[in-house]
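**Student:** Residue numbers (our numbering), protein chains in the order written: chain F, 6 to 336; chain P, 14 to 521.
A couple of the hints might just be wrong.
[Stated by the list, open to error] Residues from chain F shown here face chain P by an in silico Cβ test under 7 Å; the list is partial:
(1) R181
(2) M182
(3) A183
(4) P186
(5) R189
(6) S190
(7) A193
(8) G197
(9) A201
(10) G202
(11) G260
(12) R261
[Stated by the list, open to error] These stretches of chain P come out as covered by chain F in the derived footprint (C-beta under 8 Å, 3 or more residues):
(13) 86-96
(14) 106-112
Everything labelled a hint here was simulated from the structure, so no lab data went into it. We treat Cβ as the ideally placed atom computed from N, Cα and C, and that holds for glycine.
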Amino acid sequence: MSTISTLLRWAPLALFLVLIVVFSLNSDRFLSGANLAAILVQSSWLVAVALGMNFVLLSAGVDLSVGAAMYIAAVAVGLGLPNAPVWVSLLCSLLVGGIIGAVNATLIGRLRLPAFIVTLALLFVGRGVGLFFSETRVVYASTELAKFGRSSLFDIPAPLLMAAATLGLAWLLLNRMAFGPYVRSIGADAEGARRAGVPVKAVTYCVYVLCGALAGIGGFISFSQTSAASAAFGQNSEFLAIAAAVLGGTSLSGGRGSIWAPVIGAILITTVQNGLVMINANPYAYPVITGSVIFVAALLDSIRTRTQARMNRRTVRPLTTVTETHATASS
Amino acid sequence: MTGNAVRLEAKGLSKSFFGIQVLHDVSLEAVGGRILGVVGENGSGKSTTMNLLTGVLQPDVGTISLNGAPFSPKSRRESDQAGIAFIQQELNIFPNLSVAENLFLLNPPTQFNGLPFISRKRMHDDAQTLLRRVHLDVSPSSPASTLSAGERQLLEIARALAGSAQIFIFDEPTSSLTAPEADRLFEIMQQLREGGAAILYISHNLEEVLRLCGDVMVMRDGRVTLRAESAKLTPRELVLAMVGRPIEALFPEPRRLDETPVTVLEVSGLTTPGFLEGVDLKVGRGEIVGIAGLMGSGRSEFARAVFGLDEYTCGSVRMNGKVLPSGDVKARLDAGVAFLTEDRRHEGLMVNASIADNMALTALPMFASGVGQPIDRKRLLRAIVYIGQRLRLKSGDVTTSAVNSLSGGNQQKVVLGKWLMRNPRLLILDEPTRGVDVGAKQDIYRIFAELADVGLAILVISSELEELVGLCDRIHVMRRGELKTEFRREQFDREAILRAAFGQSSAA
Numbered sequence: 006m007s008t009i010s011t012l013l014r015w016a017p018l019a020l021f022l023v024l025i026v027v028f029s030l031n032s033d034r035f036l037s038g039a040n041l042a043a044i045l046v047q048s049s050w051l052v053a054v055a056l057g058m059n060f061v062l063l064s065a066g067v068d069l070s071v072g073a074a075m076y077i078a079a080v081a082v083g084l085g086l087p088n089a090p091v092w093v094s095l096l097c098s099l100l101v102g103g104i105i106g107a108v109n110a111t112l113i114g115r116l117r118l119p120a121f122i123v124t125l126a127l128l129f130v131g132r133g134v135g136l137f138f139s140e141t142r143v144v145y146a147s148t149e150l151a152k153f154g155r156s157s158l159f160d161i162p163a164p165l166l167m168a169a170a171t172l173g174l175a176w177l178l179l180n181r182m183a184f185g186p187y188v189r190s191i192g193a194d195a196e197g198a199r200r201a202g203v204p205v206k207a208v209t210y211c212v213y214v215l216c217g218a219l220a221g222i223g224g225f226i227s228f229s230q231t232s233a234a235s236a237a238f239g240q241n242s243e244f245l246a247i248a249a250a251v252l253g254g255t256s257l258s259g260g261r262g263s264i265w266a267p268v269i270g271a272i273l274i275t276t277v278q279n280g281l282v283m284i285n286a287n288p289y290a291y292p293v294i295t296g297s298v299i300f301v302a303a304l305l306d307s308i309r310t311r312t313q314a315r316m317n318r319r320t321v322r323p324l325t326t327v328t329e330t331h332a333t334a335s336s
Numbered sequence: 014m015t016g017n018a019v020r021l022e023a024k025g026l027s028k029s030f031f032g033i034q035v036l037h038d039v040s041l042e043a044v045g046g047r048i049l050g051v052v053g054e055n056g057s058g059k060s061t062t063m064n065l066l067t068g069v070l071q072p073d074v075g076t077i078s079l080n081g082a083p084f085s086p087k088s089r090r091e092s093d094q095a096g097i098a099f100i101q102q103e104l105n106i107f108p109n110l111s112v113a114e115n116l117f118l119l120n121p122p123t124q125f126n127g128l129p130f131i132s133r134k135r136m137h138d139d140a141q142t143l144l145r146r147v148h149l150d151v152s153p154s155s156p157a158s159t160l161s162a163g164e165r166q167l168l169e170i171a172r173a174l175a176g177s178a179q180i181f182i183f184d185e186p187t188s189s190l191t192a193p194e195a196d197r198l199f200e201i202m203q204q205l206r207e208g209g210a211a212i213l214y215i216s217h218n219l220e221e222v223l224r225l226c227g228d229v230m231v232m233r234d235g236r237v238t239l240r241a242e243s244a245k246l247t248p249r250e251l252v253l254a255m256v257g258r259p260i261e262a263l264f265p266e267p268r269r270l271d272e273t274p275v276t277v278l279e280v281s282g283l284t285t286p287g288f289l290e291g292v293d294l295k296v297g298r299g300e301i302v303g304i305a306g307l308m309g310s311g312r313s314e315f316a317r318a319v320f321g322l323d324e325y326t327c328g329s330v331r332m333n334g335k336v337l338p339s340g341d342v343k344a345r346l347d348a349g350v351a352f353l354t355e356d357r358r359h360e361g362l363m364v365n366a367s368i369a370d371n372m373a374l375t376a377l378p379m380f381a382s383g384v385g386q387p388i389d390r391k392r393l394l395r396a397i398v399y400i401g402q403r404l405r406l407k408s409g410d411v412t413t414s415a416v417n418s419l420s421g422g423n424q425q426k427v428v429l430g431k432w433l434m435r436n437p438r439l440l441i442l443d444e445p446t447r448g449v450d451v452g453a454k455q456d457i458y459r460i461f462a463e464l465a466d467v468g469l470a471i472l473v474i475s476s477e478l479e480e481l482v483g484l485c486d487r488i489h490v491m492r493r494g495e496l497k498t499e500f501r502r503e504q505f506d507r508e509a510i511l512r513a514a515f516g517q518s519s520a521a
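Okay, chain P solo, but in the shape it has when bound (with noise of 0.2 Å):
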């Protein structure tokens, strides 16, 4: 096979979720002995085109040619016997296996020639061979579970080493990797490269994809809005393309503020080995706060610190000058906080039963003169059909109808109305509308901005930065872990916030 012939093409491709369309018309060439890079902010489409192209979900429109045949994976498998490697940024490797059982879990070298025995010498030899090529030095036999999370990336490059694919796709490769150890990547990038395959890197470090790769997109919104070399590209051309229009007028005017409102929630140096460093936060009365940051930033994970679900090493969480122990939520819940997780299905909702019995759920105690004592079902039910009022929720009757007839942003607001019926003094919000359609979207911002008219303290986590430029009174941006940039209202710009999310400096 010639080195310059286009291996993967996907020409026109389309694809909805739910109604929504996420992917709009995207077209891309895989080039033999070339590397391509994928940029985009989350969500703006680049993981949902590669799960397209390996089989792990089917265009609704569009078509995708491998060697110049039509080619439709129904299945990773499939896409994977085609000669397709993808090497997903949610690891697949197995922390109970042992090093070598991870490489060939579905192809074990055998002996006695077709008997199904395993060779453990071969398995050794070959494991060794793969690991000697991504320079990772483990034994074959060690169990994977004794790897550190770039090791663990790099097995996962060997086991697509392992096969004989000619197209090789990398979803943000390096995000879990150390500085040698993504240059020995790149290495072994370059010599795939040189050996004629077509390459498909995805990452969030600008500068390493101008480095490294011939040719840049840029997607946003489920488009591809830059298609060039990169010889011609400056990082900041390309955080200008990621960004794109101006905010509609999706967000409730600018609110007057206190100049020095009241500290509600205090945090100070949070620390928490391998996950946060040294964060310091205020949230005043009336305040929206929002944390910007990519996916796997720490951002999570710091919600999670603060409502006291995990635990930290060192620093304070203040409620009210008061400080609250480690780990502790009940103290949290008495303080007044309230935490809306970026799971709600799984964690902030009960999906089968009906809307009153999952607002009354944290509520219950408020409605019973004591403990043993029977609840005041009445006064329940009014509370709750006045909150819903509140939230302007439509449904049906509340005792009857079941959450999971709601739309998202009904479900959205039944959890929101869960919170407040416990009438909470500060409310964190992570990913407050995920999931969440612009209509309703639109009254979730007015809800939260209204909340905060009243005193509420409002602390929101987001990917969608338009939503916390939109929405907030600053903005600080979280980066492995650290909180780094701090932006007040007449500060927002969303390239340098953009920016600092990925780690550039500000003179890039």
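The following block holds chain F by itself, in its conformation from the complex (with noise of 0.2 Å):
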């Protein structure tokens, strides 16, 4: 039993550093300190949408709305607030993700739909609220946003500061608050959470708004990095955000992970799409590693899940007994 758990926890990092030796035998610029610290710079953006996306996943859910959030946030603050300082450029991108993640949130918890079907409609419907407004167009952020996303404070890039102070709030909700034992209660058996007395309407409720909210940050986070939001941006990051989560070990199942398996599986993920461009690898290959990387990440949650549906197994006699008659009746 333990052997194979702890194979399946540490086969990420495993995977993690047979990429970079071969990255880095590939390349002379990849282990370089500039790109390290590029790679977590990059990182910012899905550390924030992925920490969200823990939340979610840990309350047995999903939310594929969080590429369309991260859009309707960017169009939000490049069209609609194109002269407001930062500060208000940032409510708003929450506001416009914790929008979102509240319809979600209503159409799951008052219309009882499967939150796939919910989160799945929102990822068109966002996307298509996003186009229209848009028209197509690339929306640019302005000038002060983007020098925004590109300053630092005590050397330290404003991205990486930004996913720092979510992963701070995040933490804080899931370690030190009830908030987090709720939503892995809900995780592990919602009706049993119910029977115990936790509020599960109203946890989850809160669980795909702040979702939402966080999509809103990581757009806004990338938005500021990119300067410029094509009709594509933040597509495809759903998959990403799941991917990094249940990478860093979250399960899609529910109720099992920690606050850093969204941080580690984001900035693996990160290094994985750093290091192709590193080694000159042919960008159409981009799509089929990330893929797999996601398959690896799917695969070993289930394989984690299975172990451990196994350990969780209620017997109808002492154990220990059963296998020391084994062997004296063996012997």
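Using the hints, build the complex out of the two chains.
**Tutor:** Laid out in structure tokens, this is it:
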């Protein structure tokens, strides 16, 4: 039992090391300090989005609309508030993302629709709404926002600081407030949580609002970095976010995972993308590689879930005495 | 508060489910400083009564009062807040949370006065105190998934101690405890009792009940049949009060039997660590063999292993002399084994589909001339109608009426029909008449007898002792994953069978 779970725990890290070796053998720039720092900065937006996704996955749900939320947030900031100060833009992104999350939460909670269907619909509707306002043209960030995206405080780039702040907030919620155990108890057994007195409906609502809001932050970070949002801005990020959380060890079947999972996973995925650029891989190979990473993440999770389920089965007689009688019987 | 006041009192509780009355006029008193033992067979109404007291269910008739004031809880939460701690048989431990998080899921100790930030340190310390009270030697920060079943039970008890409850209801708390763990629990119960708490203690261990409890009440068929001080009672009297009335004419005439029927199913030494231990069993042609035992004794696990749904580590299953590999359902189906699960709504039926679609499901390949060939719908429908008639299925058009429009009894007939379409040689029935009303039961029993008469081997698992006694040629008793005693029809003695299921020696 323990050997398998230990192996599984370290599998993503081993994968990570293998990739680093492969990349550094094929590119002398990959392992440079500047590039490693760049990877961290590049991963900032994904860290924020994956942190939100992590809460949803922990509650045994899923949110496919985060990419759409990112796009709408960028469109709202770029077109709606071209001259606003940076903090207003940030607030606006949070709000827009939170509203999309609230729409998800309401449809899931009130109409009792499966999260998969609701958020899949929002994926298309959300992007459609964004495209309606942008008229499919590229949306540009204000000079002030673009400057902010490239600024730094004490030599730490702003995107990284924002990701760190998001991490701090998520850590508080998950590890220092009743919200964390609530979410995880719902993910393990929603009916059991209800019987134990957990306010399941309210917590689930908050989880989707939180995920939407963090997707809004992710959109804000990415928009300020690239200072432009094309019609495909944020596309596929729902899959990257889910893969990041799962690769880090959060389970797709709910309840299991930590605050560090999405962070590690997001950095891992960004490293792969960065490394592919560094070794001048064929750009058409990117989706193949990224897709394989997602597949590996899901596979590891499925194996983990099965071993866990076997370990948690209730027995009808004490296990120890059985093995003892066995040992004596067979000897 | 004085110790000997009546804390919780129920008067004339009755409850029906879907028109079937499961509780008749049940009254009880839980007195401060005393332990009341509650015993009875599975389905005798103990759990329903406790669910009424704790707000999980609401009574149709009858009143409850708490410390003298009327009390009608609408949810578990309400009774929790009123100071009733209910330690359920079905554990409510979240394996993915830590021990401390499980203990303080709803009311974690906070810091910075009023801010909702958990104080890890206080949570850790408080958890340690509670764990020490139940002598549970685990770290508060270790995940609950690392705990054994017994330790989880102790954790559940520690959670109940965390509040300020003055009334405790223990529903079979010792079933997953080792002997030393159970002793710890009894110690805690005595401490609570001396502290003036009122305790209700449900258990299948009769000696334990007599030793621990001041008073005992026995339930049968939703009624209280005996209420006395335990000092005046013996285990034998308790068993008698549990068994009760004679068998009604619900069952078919006893059948004449071959002295040595040809063996169809032969199970030997079946073992799954934690579930089954060296189970031997034979079922012959035309024989009906029953397995009695309490819920959680491993009966269903046994059936699942025999049918290949779960793997086993040792032993063998033979059909007509041929060994079937562990965990291979396909091999069982090919050998003519049919399995009616205890959960027919979730595992046995597509409730929204028509009767014909349900019955056709497992037999479809037999109505096509080969893989990829079209199905002969006419022949299929003829077979379905024929079997429906044989089962005396009361329904509308079999091709249009959905299964969920049928009564429980007719639904069970559809499941049975589904398997009969395949011409099985062995039927494994797990709780075949659960949720079936009395009239339909009689019908189903007669069908089973007819099937055995034409040579089917039948293995019945049931919590209803009367059903087994009325139907079977032989009865085995399962206890803690072991098949203990065998009774032949002429030796059937419900008292003796029940004693074997409860683990009482026949001398008691």
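**Student:** If a hint holds in the structure, say so; if it doesn't, say that too.
**Tutor:** Tested hints:
Hint status for R181 (chain F) relative to chain P: holds, with the closest Cβ pair at about 5 Å, below 7 Å. At about 5 Å, the closest approach between the beta carbon of M182 (chain F) and any beta carbon in chain P falls short of 7 Å, and the interface hint on this residue holds. Proximity of A183 (chain F) to chain P holds as hinted, the smallest CB-CB distance being about 5 Å (cut-off 7 Å). With 7 Å as the threshold, the beta carbon of P186 (chain F) comes within range of chain P, its nearest partner Cβ sitting at about 5 Å, so the hint holds.
A cut of 7 Å between beta carbons decides the hint on R189 (chain F): the least distance to chain P is about 6 Å, and the hint holds. Annotation: S190 (chain F) was flagged as interfacial toward chain P, and the flag holds, the nearest CB pair being 5 Å apart, inside 7 Å. The restraint placing A193 (chain F) at the interface with chain P holds, with a minimum CB-CB distance near 5 Å, inside the 7 Å limit. Contact between G197 (chain F) and chain P, as hinted, is supported at the beta carbon level, the nearest pair being about 5 Å apart and thus within 7 Å.
Using the Cβ-Cβ criterion of 7 Å, the hint placing A201 (chain F) at the interface with chain P is satisfied: the shortest such distance is roughly 5 Å. At its closest, the beta carbon of G202 (chain F) sits 5 Å from a beta carbon of chain P; the interface hint therefore holds under the 7 Å criterion. At a threshold of 7 Å, the smallest CB-CB gap from G260 (chain F) to chain P is about 4 Å, leaving the interface hint in force. Using the Cβ-Cβ criterion of 7 Å, the hint placing R261 (chain F) at the interface with chain P is satisfied: the shortest such distance is roughly 5 Å.
Proximity of the region 86-96 of chain P to chain F, defined as three or more residues with a beta carbon under 8 Å from a beta carbon of that chain, is established by the 3 residues found. Given as covered by chain F, the region 106-112 of chain P passes the check, having 4 residues with a CB less than 8 Å from a CB of that chain where 3 are the minimum.
Of the numbered hints given earlier, the model fails none.
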